[in-house]
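So you can see what is in the structure, the chains are spelled out below.
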Amino acid sequence: MHSILRIFKFAFQGFFRNFWLSLVTITMMLMAVLSVTLLMGMDYIREVTIKGVENKVDVLVEMKLEADREQVESLVNDLDELSEVKVVDIITPEENWQMFLENNKDSEATQVLEVFEEDENPFPYFLAIQAYELDQYPKILEFINQEKYSAFVQSSDADTHEQVINKINDLANFVNKYSWYITGLFVLISIVVIFNTIRMSIYTRQSEITIMKLVGASNWVVRTPFVIESVLYSLAAVLIVMVIIYPLLNFIQPSLNTYFDGIQAVNIAKYFKDNYLQIFGTQFLGLALINMISTSLAVRKYLKV
Amino acid sequence: MIQISNVSKIYPKKIQALKDISLHIKPGEFVSIVGQSGSGKSTLVKLMIAEERPDSGKIVIGGWDITGIKGQEIPTLRRQLGVIFQDFKLLPKKTVFENVAFAMQVCGFKPKEINKTVDQILALVGLKGKEDRYPHQLSGGEQQRVAIARSLVHKPKLLVGDEPTGNLDSINTREIIDLLKKINNMGTTVVLVTHNREVVNSLKNRVITLDSGYIISDQANGRYLL
Numbered sequence: 000m001h002s003i004l005r006i007f008k009f010a011f012q013g014f015f016r017n018f019w020l021s022l023v024t025i026t027m028m029l030m031a032v033l034s035v036t037l038l039m040g041m042d043y044i045r046e047v048t049i050k051g052v053e054n055k056v057d058v059l060v061e062m063k064l065e066a067d068r069e070q071v072e073s074l075v076n077d078l079d080e081l082s083e084v085k086v087v088d089i090i091t092p093e094e095n096w097q098m099f100l101e102n103n104k105d106s107e108a109t110q111v112l113e114v115f116e117e118d119e120n121p122f123p124y125f126l127a128i129q130a131y132e133l134d135q136y137p138k139i140l141e142f143i144n145q146e147k148y149s150a151f152v153q154s155s156d157a158d159t160h161e162q163v164i165n166k167i168n169d170l171a172n173f174v175n176k177y178s179w180y181i182t183g184l185f186v187l188i189s190i191v192v193i194f195n196t197i198r199m200s201i202y203t204r205q206s207e208i209t210i211m212k213l214v215g216a217s218n219w220v221v222r223t224p225f226v227i228e229s230v231l232y233s234l235a236a237v238l239i240v241m242v243i244i245y246p247l248l249n250f251i252q253p254s255l256n257t258y259f260d261g262i263q264a265v266n267i268a269k270y271f272k273d274n275y276l277q278i279f280g281t282q283f284l285g286l287a288l289i290n291m292i293s294t295s296l297a298v299r300k301y302l303k304v
Numbered sequence: 000m001i002q003i004s005n006v007s008k009i010y011p012k013k014i015q016a017l018k019d020i021s022l023h024i025k026p027g028e029f030v031s032i033v034g035q036s037g038s039g040k041s042t043l044v045k046l047m048i049a050e051e052r053p054d055s056g057k058i059v060i061g062g063w064d065i066t067g068i069k070g071q072e073i074p075t076l077r078r079q080l081g082v083i084f085q086d087f088k089l090l091p092k093k094t095v096f097e098n099v100a101f102a103m104q105v106c107g108f109k110p111k112e113i114n115k116t117v118d119q120i121l122a123l124v125g126l127k128g129k130e131d132r133y134p135h136q137l138s139g140g141e142q143q144r145v146a147i148a149r150s151l152v153h154k155p156k157l158l159v160g161d162e163p164t165g166n167l168d169s170i171n172t173r174e175i176i177d178l179l180k181k182i183n184n185m186g187t188t189v190v191l192v193t194h195n196r197e198v199v200n201s202l203k204n205r206v207i208t209l210d211s212g213y214i215i216s217d218q219a220n221g222r223y224l225l
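Chains as they are written, first to last, in numbering that gives the first Met the number 0: chain F, 0 to 304; chain L, 0 to 225.
Among the clues, some could well be false.
Estimated spans, in silico, between C-beta atoms of each pair [said to hold, decoys possible]:
#, chain 1, residue 1, chain 2, residue 2, range
1, F, I243, L, K129, 36 to 44 Å
2, F, N274, L, G139, 29 to 37 Å
3, F, S295, L, K154, 32 to 40 Å
4, L, K13, F, I243, 55 to 63 Å
5, L, N184, F, S295, 29 to 37 Å
6, L, I68, F, Y275, 48 to 56 Å
7, L, K69, F, D42, 15 to 23 Å
8, F, Y275, L, K69, 43 to 51 Å
Not everything, but these chain F residues come out facing chain L in the computed CB check (under 7 Å) [to be verified]:
#, residue
9, E207
10, G215
11, V265
If you're looking for bench data, these hints aren't it; they were derived computationally from the structure.
Just so you know, these numbers come straight off a predicted model, no measurement behind them.
Glycine included, each C-beta is placed from N, C-alpha and C at the ideal position.
One chain only, chain L, in its complex shape:
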C-alpha cells in the first residue's frame, strides 16, 4: 500500500526533518508511527498526502509513484486517501452532513448516492441525528467522528491519522481508536501518527518509531519505546 524508499526532506534553513527513511506498509495493516515532537512524524504524513515533496527518495502510494506528482494530480491522489487531523479541519460553515458530503461532491458522485452513503457513514461513526449541526455545536470527539466519516465516505483504501486524538480527552480518545480499529477490520489500511503512549501500547500492532528524522525501530507487535 505504501512504499517509501530512502526519503529525505530538508526544510529551509537546512532543517532536516527526515533522513533516508525507508518503510513498506502492506494493505490492511494498522501501523502506528510514534515519536516525540520534531521527530518527523508530521512531515511523513505531509509527504504521503503530497502536501510536501521529498528532496530525495521515492514514495509510492497504492502503486502510484507520487515522488514528483504534478499539482493538478494532487486532488486525484487525495480523493483516494482518507486523512484525519488533530484539529479536525472541518468546514465551519457547513453542517455535519455537508462536511461529510463534500468529500464525495468533489469526487463527482451523484446526489442520490451521496445522501445514501453519508447517512450510512454517519450511522457508522455514531452521529445519526446530528446531521444538521454545525461543527461548533459538537464536542471534540464528535467533531473528530465527523472528520473520520468524511475521510471514509469515498471508501479509501488508506486512512492516515495525524495525531487524531491529540485534542481529545481519554474517553473520546478510546472511542476514536476503537472506531479506527473497526475501520481497519473492514479492510482499510490505517496509518496512525501519534505520541500517545497508552494508545500505542493498547493497540498491540506494528509500531514504527521515529527520532530526529530517522527510523530507530520497526516492530510487528510493538510498544511505545521513547
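So that you can see chain F by itself, here it is in the shape it has in the complex:
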C-alpha cells in the first residue's frame, strides 16, 4: 500500500515540480485535442446538414384525375407495408388548389381557375413519399410503377427524382468517406505529435531515470510514476479543451444560426453539452492510452542502466 501511495506521490511531484515541462507537454497535447475536437464539431455540422438534405428529399407521385380517394388510400396502405417507406402524405386536390392560389397570389395565373365550376377541381391527388435512406427510393419507385397501379397513377417523376436522389446520395457518400479520411489523418498527426512530445519530455529527464536506477529502483518504480504523470497530462489537456470549447461554441452558434437561416437546425453548442461525456471521455481515454504507451516506450529506452 505504501508503495502504491509513493508511486502516486512521485507522479504528482514530477507533474507539479517540472512545471514548465508539464506546461509545454500539456500545451502540445492541448493543440492536438483541440484540433480533433474542432474536427468533431465540423463532422457534426456535416452529418446534420446531410441528414437535413436527405430528410427534405421525397418523391411526389401524381395520381390521375379520375383516381378517387379509395384508390389513393389503397396505394398508401400498400406503400405503408414497404419497409423502405418512412412516411406517405396525401395531398388532396383541395390542398393543391389552395397551394396553387398561395403560390400565385401576386400573379394573374390564378384567373385560369375561374373557368371551373364550384364542384370542379383540375388538380389530382398527389402522394409525397419519404424513404428512410436515399438509396431506398429506386425500390419505392419500382413498386409504384407496377402495372396494377397504372390505372390511377399518372406519373412518379421517377427519372428526374432518381437522378437527383442519386446525386445527393453520391455527394453524401463522398463527403462521409472523405471526412473519415480527414478525421483519420488528424488523429494520426495528433498521435505522432503526442508521441514525440512525450519522447522529448522523457529525454529531458533521462538523467533522473538513470539516477533512480543507480539508487536501486526497479523498472516498475521508475516507469509507473512517469506513466501516471502522462495520464495527468491527458486529464489536464482535455479539461483545458473543455474550458476553451464551450465559450467558443456559444460564440459561433449565432453565426451558424444566421448561416443556416432556419433551414436546418444546427445546434453545435447543445450537441457538445448533450454528449460531453462521450466526446471528452473518449478523448481522455484515447489520449491517456496513447500517452501511457508512448511513455512506457520512451522510458524503457533509458532503463537499461
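Dock chain L against chain F, hints included.
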C-alpha cells in the same frame, strides 16, 4: 566483501578497459583505487554495480556472484550497495530529505522508519536544517554530502565512491574524505576510486594502482605511485 577474479572488459571497437584483473577486498577495509584517466578505474566501479558486465572472469560481491546477473536482479544488488559519484547524481526536483529517503523508499521501508533514519543520517553528514532545500540550493560539498547520506541510509556493507571529490575544492574534499573515514570506522567497507594524489597519500590505507587496464601495484599502506 569483493572478489574479482581474472576479469576483462572490452568495449566496442576493441577498446580493452580491463585486462585480467584479480583482487580481493575484505570486509571493513578502506581501499583506494588509483590511476590516470583511461586506466580502467570507472569501468571497475561499473562492473561492481552491474552497470557493465565483464567479458570474462568472475565478480563476487558480498558472497553473491554477479558475473551473469539478470536485469531484474540488479536493483536488489544496488540496494545492498552505496555508490557516490563525481557529479553527485542527485534528483534535481527532490529536496535533500526526499533524495535521501528515495533510497529507502525503493527498498520498501515504512514512512516512520524512513523519517527517523533520514533525520539521523542527515545529522551524521552535517546537513541538519537543510532537509527542505533542493540540490541547486546547495554547494558542491553539501551536494556530495547528500549523495553520501543517500548511499548510507539503507545501511550498506559496501560503499563505492567513483571520484567523489573530483568536483570539489580542497576544503570540501578534506571534509568528504573525513566523512568517508568516519563511515569506514563504523564498519562499512569503502572503495574509493580517485586520481587525487593528496587524498590517497593522506589516507595511508591500501592502494591499488591501475594502468592501461592492468593492476600494476597493490600496497597495504600505499601511496600514489603515478
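Results for each hint:
1. Between I243 (chain F) and K129 (chain L) the CB atoms are about 43 Å apart, so this pair conforms to the stated range of 36 to 44 Å.
2. For the hinted restraint 29 to 37 Å between N274 (chain F) and G139 (chain L), the CB-CB distance of approximately 58 Å leaves it violated.
3. Distance hint for S295 (chain F) and K154 (chain L): a CB-CB separation of about 33 Å, consistent with the stated range 32 to 40 Å.
4. The beta-carbon spacing between K13 (chain L) and I243 (chain F), approximately 58 Å, falls within the hinted interval of 55 to 63 Å.
5. Range check, N184 (chain L) to S295 (chain F): Cβ separation about 45 Å, and the 29 to 37 Å hint is violated.
6. The hint said 48 to 56 Å for the Cβ distance between I68 (chain L) and Y275 (chain F), and at roughly 52 Å that hint holds.
7. Distance hint for K69 (chain L) and D42 (chain F): a CB-CB separation of about 51 Å, inconsistent with the stated range 15 to 23 Å.
8. In this structure the supplied range 43 to 51 Å holds for Y275 (chain F) paired with K69 (chain L), their Cβ-Cβ distance being about 49 Å.
9. Satisfaction of the interface hint for E207 (chain F) is found here, the shortest Cβ-Cβ separation to chain L being roughly 6 Å, below the 7 Å cut-off.
10. The interface hint given for G215 (chain F) is met, as the beta carbon of that residue sits about 4 Å from the closest beta carbon of chain L, less than 7 Å.
11. Nearest Cβ of chain L to the Cβ of V265 (chain F): about 48 Å, over the 7 Å cut. The hint is violated.
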